[in-house]
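Asks: Sequence:
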Amino acid sequence: MLDKAPEREQLEVEIRARAEKIAASGGVDVLATTDNNGVVDLTLSEALVVAMLKQEVTQFYAIFGHGSTDLGEVLRIYHEARAVSVINCRNEIEMAHAATAYAWVYGKTPAVVTSIGPGGLQAMAGSLAAASNGVGVYHIYGDETTCGEGYNMQQIPKPEQGIFGKMGALMGQSHTLHTPGSLRECMRRGTACVHHPYKAGPFFVMLPINTQPQHTSINLATLPPRQSVQALVPAHDAVFDEAVYFMRSNTKVVIKAGGGTRANHEALRRFAVKCGLPVVLSPGSSGVMMDSHVQNMHVGGSKGSISGNYAMQEAEAVIVIGSRGVCQADCSGVGYPNSHTVLNINGDLDDLAHYANTIALPGDITAVLDHLMSALGDDTGADNRKDWLRSCAAKKEEWSEFKKARINAEPLADEVWQQPVLTQPAALHTVSSFANKVGAIKFFDAGDVQANGFQIVEDDAPGQTFTETGASFMGFSGSALLGAAYVNDAKYGIAFTGDGSFMMNPQILIDGVEHGVRGMIALFDNRRMAAITGLQYDQYGKEFKTNDSVAVDYVAMAGSVNGVKALHAGFTKASLNAALSDAFAHDGLSLIHIPVYSGRDPIAGMGAYGSWNVGNWVDDVQAAYLQSKI
Numbered sequence: 000m001l002d003k004a005p006e007r008e009q010l011e012v013e014i015r016a017r018a019e020k021i022a023a024s025g026g027v028d029v030l031a032t033t034d035n036n037g038v039v040d041l042t043l044s045e046a047l048v049v050a051m052l053k054q055e056v057t058q059f060y061a062i063f064g065h066g067s068t069d070l071g072e073v074l075r076i077y078h079e080a081r082a083v084s085v086i087n088c089r090n091e092i093e094m095a096h097a098a099t100a101y102a103w104v105y106g107k108t109p110a111v112v113t114s115i116g117p118g119g120l121q122a123m124a125g126s127l128a129a130a131s132n133g134v135g136v137y138h139i140y141g142d143e144t145t146c147g148e149g150y151n152m153q154q155i156p157k158p159e160q161g162i163f164g165k166m167g168a169l170m171g172q173s174h175t176l177h178t179p180g181s182l183r184e185c186m187r188r189g190t191a192c193v194h195h196p197y198k199a200g201p202f203f204v205m206l207p208i209n210t211q212p213q214h215t216s217i218n219l220a221t222l223p224p225r226q227s228v229q230a231l232v233p234a235h236d237a238v239f240d241e242a243v244y245f246m247r248s249n250t251k252v253v254i255k256a257g258g259g260t261r262a263n264h265e266a267l268r269r270f271a272v273k274c275g276l277p278v279v280l281s282p283g284s285s286g287v288m289m290d291s292h293v294q295n296m297h298v299g300g301s302k303g304s305i306s307g308n309y310a311m312q313e314a315e316a317v318i319v320i321g322s323r324g325v326c327q328a329d330c331s332g333v334g335y336p337n338s339h340t341v342l343n344i345n346g347d348l349d350d351l352a353h354y355a356n357t358i359a360l361p362g363d364i365t366a367v368l369d370h371l372m373s374a375l376g377d378d379t380g381a382d383n384r385k386d387w388l389r390s391c392a393a394k395k396e397e398w399s400e401f402k403k404a405r406i407n408a409e410p411l412a413d414e415v416w417q418q419p420v421l422t423q424p425a426a427l428h429t430v431s432s433f434a435n436k437v438g439a440i441k442f443f444d445a446g447d448v449q450a451n452g453f454q455i456v457e458d459d460a461p462g463q464t465f466t467e468t469g470a471s472f473m474g475f476s477g478s479a480l481l482g483a484a485y486v487n488d489a490k491y492g493i494a495f496t497g498d499g500s501f502m503m504n505p506q507i508l509i510d511g512v513e514h515g516v517r518g519m520i521a522l523f524d525n526r527r528m529a530a531i532t533g534l535q536y537d538q539y540g541k542e543f544k545t546n547d548s549v550a551v552d553y554v555a556m557a558g559s560v561n562g563v564k565a566l567h568a569g570f571t572k573a574s575l576n577a578a579l580s581d582a583f584a585h586d587g588l589s590l591i592h593i594p595v596y597s598g599r600d601p602i603a604g605m606g607a608y609g610s611w612n613v614g615n616w617v618d619d620v621q622a623a624y625l626q627s628k629i
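Read in order, the letters of the sequence shown correspond to residues 0 to 629 in numbering that gives the first Met the number 0.
One or more of the hints may lead you astray.
Stated by the list, open to error - Here are the simulated distance ranges between beta carbons:
id	residue 1	residue 2	range
1	Tyr244	Gly587	37 to 43 Å
2	Asp618	Thr145	38 to 44 Å
3	Ala584	Thr145	52 to 58 Å
4	Thr571	Ala23	51 to 57 Å
5	Ser399	Pro117	48 to 54 Å
6	Asn218	His292	27 to 33 Å
7	Ala584	Pro5	49 to 55 Å
Claimed, not checked - Within a straight-line C-alpha distance of at most 20 Å, the following computed SDA-like cross-link-like pairs (lysine to any residue) qualify:
id	residue 1	residue 2
8	Lys436	Ser574
9	Lys564	Ala439
10	Lys251	Thr144
Hints were generated in silico from the structure; no laboratory data involved. Glycine included, every Cβ here is placed at the ideal spot set by N, Cα and C.
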């Protein structure tokens, strides 16, 4: 190989000068001068970083490999110049989750950077959480050369190019930078995807090894900024006339509030109160109605509440707002057996068509609701719904008493732990209440912790809880804590995870310390994959291969990482609360090991009150679906 050291040194000087200018000014426009007329010559790697900065992407989660060394060198210089932050991770799924959490919690756009082949596959797997929850994240992967050199190390061994680009297009949208000249088009498509106002998602940038160091001229003025779309409502009043008739002619109407209502919760509350409507939440819309509000029926669906499912099952018509109709949230399509009509308010046209007999109101949720309330005036039909609301309120009281009995349950004797231990609902409520008291945000992992968790949390505003139910990805919550790395005024996060989910991504113990994360892992240990154990028993009467026969000392495990405060919760609420206070006082990452009951006593679970298209229940659900009117 030729000695390119002098050339590299000169290039680094030039890159650093640009990075320092950008860092000092806070924007890429500083590179435009009267001499260059806004046209600058850059390598594709640097041009991509500049283009990301034009869209306010400053946080990069990275695991570098041979497929991304050139991009990594540019990011090194920009990181040292404080123009960007680069967070190195130890697992690609972990960093994909961390980036998703960063975007979800703080409303900013990050980028995930990895190498060719296995790194891309891992990160792409993790991107499912972003895709399923409508969170915009850039994914930048090294890719095989454009030269057609044949089989490339670590890539899928097929004699064709562009496999990863095709896979990315299946997960979200993708663009391969076969030539530096396509960067503008790449970023135009990218911002339309990751900054989509109604259904954002991951955008995959494939960066062939040989195109990264190629030089190209870019016009800074034509690099697309972060996309912003004005609020839209239907252009014709006729559809609102239909909606007004719907509101005035139906009495037993329920609102099903999906994750899209989080950013529109104020309009939702005004609409629900004005029209006298019960509101059923999805796992992703916790807090859009105050927990104690008489019209908040809590979560409905397969693992929803007694009150939420009652309101869904008894309603004669449903208003679906900002929801995709995920199987668990609407009981696999049979959650509204008595409803004959749907009023669907959503910005995404695909989701508007989810139900039959639908009056569709496409557009920005707040704008549509405000327009509808104006069209209704004082005649909303609310006076006719007082009996309906009273019956729903009675069911909410029933649910509250049921819930109270479970969260106040005494420790139960457990065969695994050989002593009385807290039930999971009791432990979850204790930690959730502590989180609310100290103002911590809650991240819930997949599994039994999640299913019981969204039945238990008591939020008064969106953004207090983030439940990854879209993909139900095990290992999300711990990794999500890394989303707070290098964030000014970062929010304290508590990861609610089970022993099964935690061991999917335990490297957060190391990465969290390395990047100065202050947060807590609450590890609820029932020595099994309890969600699947429950399904097996409920469907077939037997458990198979979901228990964990190997005891793990999680306190010793976490404590072996320098900087982690590891605690045992004991076996009572008092000892758990003491551990929570001790962990919260730690200026860094902490882990609390919380043994919870692993047996079959019904007091130890929150129950399931809806249908789900799974296992040997499928035929029953399909039979019910054939009777549906929507």
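Asks: Hint by hint, note whether the structure agrees.
Replies: Hints and how they fare:
For Tyr244 paired with Gly587, a C-beta distance near 59 Å fails the hint of 37 to 43 Å. With their beta carbons about 51 Å apart, Asp618 and Thr145 fall outside the hinted range of 38 to 44 Å. At roughly 55 Å, the beta carbons of Ala584 and Thr145 sit within the given window of 52 to 58 Å. Taken as a hint, the range 51 to 57 Å holds for the pair Thr571 and Ala23, whose Cβ atoms sit roughly 56 Å apart.
Between Ser399 and Pro117 the beta carbon distance is about 49 Å. The supplied range of 48 to 54 Å therefore holds. As the Cβ distance of Asn218 to His292 is approximately 53 Å, the hint placing it in 27 to 33 Å is violated. Here the CB-CB span from Ala584 to Pro5 is close to 54 Å, well matched to the stated 49 to 55 Å. Between Lys436 and Ser574, the direct Cα distance comes to roughly 17 Å. Compliance with the 20 Å bound is thereby established for this hinted pair.
For the hint linking Lys564 to Ala439, the alpha-carbon distance of about 18 Å falls within 20 Å, and the restraint holds. Restraint check: the Cα-Cα separation between Lys251 and Thr144 comes to about 61 Å, which exceeds 20 Å; the hinted pair is violated.
When the structure is compared with the earlier hints, violations turn up for hints 1, 2, 6 and 10 and for no others.
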